[in-house]
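Q: If you read the sequences in order, they're chains A and B.
Anchor point for the first sequence: position 31 equals 31 in UniProt numbering, and the numbering is continuous, going up by one each time.
Anchor point for the second sequence: position 76 equals 76 in UniProt numbering, and the numbering is continuous, going up by one each time.
You can take every hint at face value.
Any copy, or any two copies together, can satisfy a pair, since identical chains are not distinguished.
DSS-like cross-link-like pairs, simulated, lysine-lysine; straight-line CA separation at most 30 Å:
#1 Lys-64 with Lys-87
#2 Lys-84 with Lys-64
#3 Lys-56 with Lys-102
#4 Lys-102 with Lys-9
#5 Lys-74 with Lys-102
#6 Lys-9 with Lys-56
#7 Lys-64 with Lys-74
#8 Lys-56 with Lys-74
#9 Lys-87 with Lys-102
#10 Lys-102 with Lys-92
#11 Lys-92 with Lys-9
#12 Lys-9 with Lys-64
#13 Lys-84 with Lys-102
#14 Lys-9 with Lys-87
#15 Lys-9 with Lys-84
Simulated from the structure, these hints should not be mistaken for lab results.
Number of protein chains: 2
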Amino acid sequence: MDDLTEMLKGTLEGCVLQIIGSEEIYGYAITRRLNELGFVDVVEGTVYTILLRLEKNGLVQVTKRPSGQGPPRKFYRLNDAGRKELKAFWAKWEYISIRIDKLREGGE
Amino acid sequence: MDDLTEMLKGTLEGCVLQIIGSEEIYGYAITRRLNELGFVDVVEGTVYTILLRLEKNGLVQVTKRPSGQGPPRKFYRLNDAGRKELKAFWAKWEYISIRIDKLREGGE
DNA sequence: ACTGGTACACGGTATCACCGAGTAGTGGAA
DNA sequence: TTCCACTACTCGGTGATACCGTGTACCAGT
Numbered sequence: 001m002d003d004l005t006e007m008l009k010g011t012l013e014g015c016v017l018q019i020i021g022s023e024e025i026y027g028y029a030i031t032r033r034l035n036e037l038g039f040v041d042v043v044e045g046t047v048y049t050i051l052l053r054l055e056k057n058g059l060v061q062v063t064k065r066p067s068g069q070g071p072p073r074k075f076y077r078l079n080d081a082g083r084k085e086l087k088a089f090w091a092k093w094e095y096i097s098i099r100i101d102k103l104r105e106g107g108e
Numbered sequence: 001m002d003d004l005t006e007m008l009k010g011t012l013e014g015c016v017l018q019i020i021g022s023e024e025i026y027g028y029a030i031t032r033r034l035n036e037l038g039f040v041d042v043v044e045g046t047v048y049t050i051l052l053r054l055e056k057n058g059l060v061q062v063t064k065r066p067s068g069q070g071p072p073r074k075f076y077r078l079n080d081a082g083r084k085e086l087k088a089f090w091a092k093w094e095y096i097s098i099r100i101d102k103l104r105e106g107g108e
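Make a model of the complete structure from these sequences and hints.
A: Below, the structure is given as structure tokens:
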């Protein structure tokens with residue numbers, strides 16, 4: 001699949017929120033997880049910028065823990081604001097995806 | 001529905017391509033059409049920047065015709081490159097939307 | 001003459017994903 | 001023991017995109 005970056009704008013952050021929402025996890029592992037899920041070209045730098053933004057916007061709670069496999073890890077967990085944001089993300093996603101799918105039916 | 005602009009990045013252009021692909025149409029009417037489809041906050045300025053970009057990228061054929069209702073209209077029609085681009089857009093959309101829906105199932 | 005609807009153009013802005021380079025810790029191979 | 005690979009995070013800068021605001025212009029009705 002060729003370049004998806006433009007289409008991921010606005011959605012990748014939501015995907016990261018969703019991943020954090022389902023388990024306490026750290027940045028490097030989030031990147032691996034996204035790659036497994038089919039977002040193969042998403043790289044660490046991108047994920048870290050999102051994580052720093054989430055932290056700055058007060059959507060996550062961060063805990064630093066030693067690793068054993070390398071440098072210490074920053075574990076992320078959603079707080080109330082984060083869960084609210086995640087909910088809003090899915091509402092937006094549903095709103096848009098329904099309308100786009102409908103547009104497609106109307107004469108491809 | 002609150003602000004959708006970030007999530008529309010990368011997809012709105014595809015929507016415009018789809019609309020042009022299904023009928024020969026001009027900018028002002030495309031904006032109305034998008035509004036009807038539920039993209040209520042999309043305004044003329046946005047659509048025109050997309051149309052100018054499509055033209056610049058050689059994806060559309062443009063015909064100017066007098067209106068009777070106001071200034072002359074620029075009618076757009078997809079050429080071969082445009083149809084190819086539209087096809088690529090839907091392939092990307094399918095790729096991403098399937099994966100995002102799957103991510104959502106895995107523990108909301 | 002004035003207002004409102006139609007129709008397009010354009011410079012500037014914010015946001016986002018991405019890139020590249022850097023810093024650092026651990027463990028295995030040479 | 002030295003080097004490399006993997007793990008793990010940071011940060012300044014880039015390019016693409018939708019949006020905003022303003023301007024131009026044509027036409028119809030009042």
